[in-house]
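4 protein chains.
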Amino acid sequence: MAANTFGEHIRLTTFGESHGESLGGILEGVPSGIKLDIYAVQKALDRRRPGQSSVSTPRKESDTVHILSGVFEGKTTGTPIGFVIPNENQHSADYGNIAQAFRPSHADFTYFTKYGIRDYRGGGRSSARETAVRVAGGAIAEQILPSGVEIKAYVSSVGGVSLDQDYTHYDLSTIEDNIVRCPDAKKAIAMEALIHEVQSHGDSIGGVVTCVVKGVKAGWGEPIFDRLEARLAAACLSIPAAKGFEVGSGFSGTLMRGSEHNDAFVSGGKTLTNYSGGIQGGISNGMDIYFRVAFKPVATIMSAQKTINTAGDEMEIQCHGRHDPCVVPRAVVVVEAMTALTLADFYLLDKMTRF
Amino acid sequence: MAANTFGEHIRLTTFGESHGESLGGILEGVPSGIKLDIYAVQKALDRRRPGQSSVSTPRKESDTVHILSGVFEGKTTGTPIGFVIPNENQHSADYGNIAQAFRPSHADFTYFTKYGIRDYRGGGRSSARETAVRVAGGAIAEQILPSGVEIKAYVSSVGGVSLDQDYTHYDLSTIEDNIVRCPDAKKAIAMEALIHEVQSHGDSIGGVVTCVVKGVKAGWGEPIFDRLEARLAAACLSIPAAKGFEVGSGFSGTLMRGSEHNDAFVSGGKTLTNYSGGIQGGISNGMDIYFRVAFKPVATIMSAQKTINTAGDEMEIQCHGRHDPCVVPRAVVVVEAMTALTLADFYLLDKMTRF
Amino acid sequence: MAANTFGEHIRLTTFGESHGESLGGILEGVPSGIKLDIYAVQKALDRRRPGQSSVSTPRKESDTVHILSGVFEGKTTGTPIGFVIPNENQHSADYGNIAQAFRPSHADFTYFTKYGIRDYRGGGRSSARETAVRVAGGAIAEQILPSGVEIKAYVSSVGGVSLDQDYTHYDLSTIEDNIVRCPDAKKAIAMEALIHEVQSHGDSIGGVVTCVVKGVKAGWGEPIFDRLEARLAAACLSIPAAKGFEVGSGFSGTLMRGSEHNDAFVSGGKTLTNYSGGIQGGISNGMDIYFRVAFKPVATIMSAQKTINTAGDEMEIQCHGRHDPCVVPRAVVVVEAMTALTLADFYLLDKMTRF
Amino acid sequence: MAANTFGEHIRLTTFGESHGESLGGILEGVPSGIKLDIYAVQKALDRRRPGQSSVSTPRKESDTVHILSGVFEGKTTGTPIGFVIPNENQHSADYGNIAQAFRPSHADFTYFTKYGIRDYRGGGRSSARETAVRVAGGAIAEQILPSGVEIKAYVSSVGGVSLDQDYTHYDLSTIEDNIVRCPDAKKAIAMEALIHEVQSHGDSIGGVVTCVVKGVKAGWGEPIFDRLEARLAAACLSIPAAKGFEVGSGFSGTLMRGSEHNDAFVSGGKTLTNYSGGIQGGISNGMDIYFRVAFKPVATIMSAQKTINTAGDEMEIQCHGRHDPCVVPRAVVVVEAMTALTLADFYLLDKMTRF
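Protein chains in written order, with the working numbering: chain A, 1 to 355; chain B, 1 to 355; chain C, 1 to 355; chain D, 1 to 355.
Excised from the complex, chain A in its bound form (with noise of 0.2 Å):
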């Protein structure tokens, strides 16, 4: 079981706890030749790193990425490519009160119950720390990817507050320009704002990611069981806090006839329509993909709540620490960085299709 890899040709092997040394990743299958923007991935990374606004936990990590090999004179040698990330700002007395006690709706319970023990400080293993390695990984696929391929995602909600429009109706070259990462300015105020209302009652809140990519021919993707559609899902489902995935018209397609769903080929090979999100049969058909990934609220509250400790007694948990009121907009660069992930593989893969 490949659990800490991700990928068939490119792929991404990583390690690390929250509270360890260091967390790190080997990245194999980088063609070689590639001039590496290593500005580029720590840039991603500092897009990820906490304490970066109000809206993030105010933990300060500077996330530097080392990369130890697989670059000589700054190109890829097609050799693996290793890094680290060191942790710098590890407060583990925060945790004390939580090594003999399951946090709700945290992997306490199930790591214990798997393992038999665990690296309690900070969530060891399954803090969403290790999807910094994740966001340094897809910063260097990202630059396998031919020119043209773009990768966009942005906040459509949190909460209850929503984008009413698809993406195609926004610039989302805008997306920065916000703390929340939504492309639309006024529904980011009240993102912020829900976010902030939320926050000062010790409280947390979901929300949902867009991911658009532009610019990806037709072809890409395999039949059966490794549709791109599944692989896209898998790698979203397997960021911390997701709950659901959708692609082209999702669960609202479920609703149409297919008259109106099917989209008509036109003269060039675009469809008039794009319910099918970009894929067909499992494969890329050249319009934009685009899906969207369900995150819930972070489990750490600052409430009191009811749990057990490990020798199954009843109890209450108060939770301290530096927590995110709202993962979504920081998750926006982990969505990008397995979505980047995904497509350098099955872009690579294709070349192996025909005679």
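All clues given are correct.
No copy labels: a pair is met if it fits in one copy or bridges any two.
Simulated pairs of lysine-lysine, DSS-like, Cα-Cα distance not exceeding 30 Å: (1) LYS351 / LYS217; (2) LYS75 / LYS43; (3) LYS35 / LYS351; (4) LYS270 / LYS306.
If you're looking for bench data, these hints aren't it; they were derived computationally from the structure.
Fit chains B, C and D to the known structure of chain A by using the hints.
The following block gives chains B, C and D in isolation, referenced to the frame of chain A:
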């Protein structure tokens, strides 16, 4: 790329086109010593079989499975189980008109673009007929699971006709009592009526399948990239026509606050609520696992549609043949099969977790 | 564990027992657009077929391959190629005496110990009959390789009768001119005589197969764990009765000094000598690839042998049935097949190497 | 292609070049609850370390391993174990002369041809320095194996100086008593003398490593393609400079008759002889497993050699730097590591065999 292979240890590899001589598969990793219930395998195929009711395609196929290896004196031997399902009732002539044209929202265009060649008869490899092999494999996989594990899927909506309650309010033993496979008898009648109405217009409609798994003990699933929900999502999104997946609270959970959404543990390791859907940190927690899968309206409809031909010229296409007006009643069986394959894999993998 | 699957991208998955209904396999990853020569596949099977000569088992099997999918109008479609080879000539009664006893140096004991059950008829899954599936798969894989690549294996020794010269001294187009598959006609006669002599005593004898691959350009193979020689070694050691593998100078190279063993490069990238066997750092260098595979004497002999039964009691066993006195003349074809599968995989994988 | 990953469930992924900042790896699949002996890991690295004796390169490296994850309060947690081994003593200037030239029988030419770029300093990724990571991974894997399993490798020949007896005639606890790692003290002196003689001429010499594994119970290994001997062969042939592998009777077994070679079972499931080398049908039978690995003479020698440069022109190359005159004394440790990784994988996989 294991496009035709599903699973890590319990691995199903499939082959076959809609209008070839037969479909089939190889199921690897089945432990030795299981008294294989071949009748149960055939029964699962019968539930998926075309021509079973007025809401499915009238095409007739017996879908008889022939097991060719891996079983000796009624028991599994630990060697791969090879099997074939002959194709019997092929009207290849029905497809003459699509040899040179791309049916909208089918895989015709993408397969042709990717491979430069396609078996257009009945969709070839992209036909949902390949799911028969999954159902056979899943029915064997189900026999690997420990007793007490029960997988039940049902139709929870057809178009706008939707169940009002969650799964806990229904008697799941009644699912097979109607041809729609819905545990609410009244809603089933409305769903059936809607399908017939749509069918009478040569149109199609989408729907949602809900799947519930009881009896999984805490500890199944793997952290990070092979989370139980990620693998289930990939399993379900690999089914033809699937467009969305949500587990536990899913998309509706994004509207909730953490204080409401968190599942408090109580004595015995149960939780008071189950918004987590039985999975925390990617690992089962012993509560019921439940998830929903969205299916789009079937792409084959009986009205004329705009499209292009293989030369790129615009044209009109008129589909004939025998097709389902709504896929969800039969998809129920495929969702169960993919769930069984996924769970059997994790069940065995968990045997390697602890020293 | 992919015990029944070989390869990463060109993947052969096999099933079947010696005395089941049929054996078969699924070959995945074959590029689309190859005009498949099915006659060449059958011809390869005919070369491996039992009953082909006086030095092979007299058992008769037509070993007819039936291709069930993946080919449309004579060309590969990029979808998996499923195929079966029916078993025809089974004398299961010959094996009644081994139902409760373990034949020495067979897999009876280990399968029974591992699985607690075994199909004892003809060795079941452990029978070398499974190599028919490899030969079919390999003969398809060979058609993926670029023109100019030529794989030729031959018998270089039977017992103590051994070729005096390396492969460069023989005309490899003459291998099929004798039933031993040896390019030295005189030695072939001696080998044949030795096999007949051994056979007349109900005994068996080992031998060595040499394989030469010409026309592989520099660059195939992957560093570190998937070196070309490592994958070839695994391919060959997975053949029943194989006990050794050496590439290039092999074991005799251990006697040499570096100054003698190093292959000097000359203009054009060729080397003056080829002790490397065409592989350096795990990657082909454009010179001929050659290696040798050792096969032990066949374990089934016609004299009484000491053994134990399934209850653990000592006893005598007397084997009957129809068996090869020496495996190497037929193993030649299996070595070629495994080499073709290995090379086709690396050929496709090399397409992903450079940006 | 998992070129940098070894194993299915116990999976070691490695990175790093000879002259980069550090090498390292991630070991996945280690069960939780193992009290990790980090001292044993460092000790294994010390045995492989350069500069350890007069028969190894004088280059000095402490090869200190830093474990970064997967261990909590001294015990494994079931999460991946990430580790790095910093490079300390790099004389990159020694390699200026090979930046534009291909060293004979090195990987310079093949890497450059395949990737179009190479880190020429010390061979970059193709340097045997990467085996340090394998040794660290193997030393952890060894701690997964059940008690009683003992892996011992030793030098059985250097050039023409060869042990006369098989492993059963030696006291394997004496292997570390001499710098050649040979259990025959007299032969060790002759081997040492031969290495020194070769070294004094700036030349190198090959040799053979024998490996013995005691205490493996019957049942480890998988049929068909993942036979224990096939996986061991791949493991050993993936080691730099390895040219051959034989198990049990190996190449000498090809000279024998079945009546002589067959291993008769006796009460208790033991066999009277062990020409099978402890493996039958790809699965361990409970007897000692033993195999031999051939290593060519080290390619780096101190005399001038003919070669070509990257432009294809013929030239002379003169190597400098600090190199082993004979690789086998240090290769012993790498063979043990690869064996441990292979066996730990099969040990865990066997847990899934039976219902």
